[in-house]
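J.: Keeping their order, the protein sequence lines are chains A and B. Counting in my numbering, the first sequence tops out at residue 252, every number present. Counting in my numbering, the second sequence tops out at residue 149, every number present.
In short, the hints are calculated from the structure, not lab data. No residue lacks a Cβ here, since even glycine has one placed at the ideal position from N, Cα and C. Each hint can be trusted.
Quick partial rundown of chain B residues pointing at chain A, CB under 8 Å, derived from the structure: (1) N15; (2) A20; (3) R26; (4) M27; (5) R90; (6) L137; (7) L138; (8) N140; (9) A142; (10) Y143.
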Amino acid sequence: MPKTAIIVFPGSNSEEETLRAVQAAGGKGRLVWWFEGPDALKGFDAFILPGGFAHEDRIRAGAVAARDPIMIAVLDAARSGAPVLGICNGAQVLVEAGLVPGTDKIGKPQAALAPNVQGHYVDRYAEIELAAPPERCLFTRHLEPGTRIPTWSSHGEGRFCFRDDHTRRRILDEHLVVFTYVGGAHNGAEFDCAALTNPPGNVLAIMPHPERAGWRYQQLERVRFEARGDREAFLAPCGGSRLFALFAQVFA
Amino acid sequence: MSLVVASIELKIPDNTAFTAYDALARMGLTAVADVKHSEIWVVDADALPAEIQSALKRTEIIFNPNKHVLRMLGSDHPAPGEIWVATPSRVHERERHLLEQAGLPRVRNVESRARWLLLDRRGDPCSRATLERAQDLLANPAYQDAFIA
Numbered sequence: 001m002p003k004t005a006i007i008v009f010p011g012s013n014s015e016e017e018t019l020r021a022v023q024a025a026g027g028k029g030r031l032v033w034w035f036e037g038p039d040a041l042k043g044f045d046a047f048i049l050p051g052g053f054a055h056e057d058r059i060r061a062g063a064v065a066a067r068d069p070i071m072i073a074v075l076d077a078a079r080s081g082a083p084v085l086g087i088c089n090g091a092q093v094l095v096e097a098g099l100v101p102g103t104d105k106i107g108k109p110q111a112a113l114a115p116n117v118q119g120h121y122v123d124r125y126a127e128i129e130l131a132a133p134p135e136r137c138l139f140t141r142h143l144e145p146g147t148r149i150p151t152w153s154s155h156g157e158g159r160f161c162f163r164d165d166h167t168r169r170r171i172l173d174e175h176l177v178v179f180t181y182v183g184g185a186h187n188g189a190e191f192d193c194a195a196l197t198n199p200p201g202n203v204l205a206i207m208p209h210p211e212r213a214g215w216r217y218q219q220l221e222r223v224r225f226e227a228r229g230d231r232e233a234f235l236a237p238c239g240g241s242r243l244f245a246l247f248a249q250v251f252a
Numbered sequence: 001m002s003l004v005v006a007s008i009e010l011k012i013p014d015n016t017a018f019t020a021y022d023a024l025a026r027m028g029l030t031a032v033a034d035v036k037h038s039e040i041w042v043v044d045a046d047a048l049p050a051e052i053q054s055a056l057k058r059t060e061i062i063f064n065p066n067k068h069v070l071r072m073l074g075s076d077h078p079a080p081g082e083i084w085v086a087t088p089s090r091v092h093e094r095e096r097h098l099l100e101q102a103g104l105p106r107v108r109n110v111e112s113r114a115r116w117l118l119l120d121r122r123g124d125p126c127s128r129a130t131l132e133r134a135q136d137l138l139a140n141p142a143y144q145d146a147f148i149a
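Please put together the full structure from these sequences, using the hints given.
T.: Pasting the structure below:
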């Protein structure tokens, strides 16, 4: 099992849920605060950037955290092939750092998570579907093609858009869009993109929250209803927790 | 018919400007000694400039008199030391509607930009080379346009 660092920036707000999801999947991990610096990440095998509003989304969501000194260690680890997962605000940080789609020099963003097409914050259930070949990304290689995972989408700046046609062509040719929104992107994301990987497939930026749909009691009513009368099943991990189980199996 | 360019900035401490200053310093831009930040509103309406200014001041989601100062600008282009960042996909339909509610008869167009002014230790505008490096933080070219004088 990889030892996972969950990196907390000032304004992160999903770190505890993310740690809980990692632990429920059998993984080991701890919260690492940004002020501990890059050296604090020595000894970790995998890295998660959780959701929230790092630095209050000042300037642009993820822009300041992407340039935090602790990200130097994350960039180095990503370059050497370590698994890196960014969820929601964590995805925004990875995009701003240029780690995904990673089709140009790291540090130069080739994509953005722009404001939603609605022009405001949106919070809703969103099912996502595996859109790339499972082996394309380190985290999805044990999934069946077309696998669907329930998530909760909760963001104001979640619309994946890409710098130019050259970047778009590479994203399509190299199948870097790993998950798409079932029924189309509610936020206007290009290619209905819900999650994007880098060419080596070890970094995944996912916009909706799988950790908020990781237990049956967090699912839609029809799914919760399936466990009626069964307290154990009601409290059991399901749905989004699958992504964390895959994350914990990366080194298997 | 008038085209008004107004700058709305905080008169209370601006945490966003300080965060930008801190992040630029961490990026090695030590020539930047101060950062000022404001929102530029470009309003095209069938009204006199003073009427547009008055409507802006009555539109609470744009201007809060407890914390903002409104200045009219003579140009819709950045001055030396400034970076203006536009987000072309951002729609201002709500603001257009509210400005009409505030008394403007016909608002043709409303646009906004983020305006960043970078100053050196002497209080002079930073060089173009510094501004070009600062653009890496202040604008994402995948969905924003940055303008320098």
